[in-house]
Amino acid sequence: MAESEFVYVTYIRTTPEKLWRALTEPAFTRKFWMGTTQESDWVPGASWRIVKPDGSTADSGKVVDIEPYRRLVLKWQNQMFPEMAAEGFSRMTFELEQQGEMVKLSVIHRMEKPESLFIKAVSTGWPVILSSLKTLLETGESLQATRRWPEGM
Amino acid sequence: MAAMGTDVDMVFKALAAPERRLLLDRLRADNGQTLGELCRHLQMTRQAVTKHLKILEDATLVVTIRRGREKLHYLNPMPIHDIAERWIGKYERGRLRALAELKAKLEGEIDG
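Residue numbers (the working numbering), protein chains in the order written: chain B, 1220 to 1372; chain R, 59 to 170.
Next comes chain B alone, as it looks inside the complex:
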C-alpha cells in the first residue's frame, strides 16, 4: 500500500445545513471536538487551523476545495507532534449527502505515505468525535468525554 487511508461513514438524522454548521462553527465544534474551534475564511486557498482551548494550534493547513453543505477538502498537517508534523500534509475530505431523513457523512483521511503515524493516530480519534457529533445533532447533547481537551495533551 503506497498510502495510508481511512474512511468513516456515519448516518445522522439532521439536515446538510445543520451538519455543515456543526462541522465548522465554533459554538458547535467546541461541544464535540474536544473543546477546539477552527479558523478559516472558508474559501479555496484560505488557510485553516484547529485551535486548542488554550489558543495554540493543534493542526493547520489550507482549504483545497469547498462546496458548502456538500463537500470540504482540506490539506491538513499536525502541529503538535514533531514526528507527525514531519510527515507533511494529509488530505481530509468531508462529504455530505442527503438520504431520506438522514445525512450520510463520509470522512476520508489519507496520506501519501505507507504506515503514516498521523493517519494511525487520527484513526482512534475520528470515531469518538463523529459519534459525539451524531449524538449532539440527534439529541442536543454531545458525549461528555469530547467536551473538553484531554488533560496533559
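The set of hints was computed from the structure by calculation and includes no laboratory data. Any given hint could be a false lead.
DSBU-like mimics (lysine-lysine), calculated; alpha carbons at most 35 angstroms apart, straight line [to be verified]:
no.: 1; chain 1: R; residue 1: K163; chain 2: B; residue 2: K1339
no.: 2; chain 1: R; residue 1: K161; chain 2: B; residue 2: K1332
no.: 3; chain 1: R; residue 1: K71; chain 2: R; residue 2: K161
no.: 4; chain 1: B; residue 1: K1339; chain 2: B; residue 2: K1250
no.: 5; chain 1: B; residue 1: K1237; chain 2: R; residue 2: K112
no.: 6; chain 1: R; residue 1: K163; chain 2: R; residue 2: K71
no.: 7; chain 1: R; residue 1: K163; chain 2: B; residue 2: K1332
no.: 8; chain 1: B; residue 1: K1294; chain 2: R; residue 2: K129
no.: 9; chain 1: R; residue 1: K109; chain 2: B; residue 2: K1332
no.: 10; chain 1: B; residue 1: K1339; chain 2: R; residue 2: K161
no.: 11; chain 1: B; residue 1: K1271; chain 2: B; residue 2: K1332
With chain B's structure known, arrange chain R on it following the hints.
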C-alpha cells in the same frame, strides 16, 4: 438500503458469519482493496465474496470509494464504535482496556 446503516440488527447479522468477519480482518490489515484483491488467498468463490460484501455494505461495516475504474473497499469502524458507545459507556472503558491488556499479556506468556 444503506441509509438504514444505523440499524443495529443489520450490523449484528452482518457480523454473525465467520466469512464476513474474515473479510473485515483482511480490510483491517490492508484497507482499501478491490474485489479481486480481497478474493486472493481466500477459500471462497468470487460470487460468495460479492454476496458477503453486499451484506457488510448494507450494514455500513464496509464502504466503497471509486478511484478511477476501481472500486475500493474500506472497513468502516463507525457501527462497531456506536455499539461500544451504547453498551460499554465511557466509565468502564479504562477498566476494560486494562483487563484486555492483562489478558493479552498473560496469553502471550502462555503461548510464548
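Here's how the hints hold up against the structure:
| no. | hint | in the structure |
| --- | --- | --- |
| 1 | K163/R <-> K1339/B | 23 angstroms, holds |
| 2 | K161/R <-> K1332/B | 33 angstroms, holds |
| 3 | K71/R <-> K161/R | 27 angstroms, holds |
| 4 | K1339/B <-> K1250/B | 24 angstroms, holds |
| 5 | K1237/B <-> K112/R | 31 angstroms, holds |
| 6 | K163/R <-> K71/R | 31 angstroms, holds |
| 7 | K163/R <-> K1332/B | 31 angstroms, holds |
| 8 | K1294/B <-> K129/R | 24 angstroms, holds |
| 9 | K109/R <-> K1332/B | 32 angstroms, holds |
| 10 | K1339/B <-> K161/R | 24 angstroms, holds |
| 11 | K1271/B <-> K1332/B | 27 angstroms, holds |
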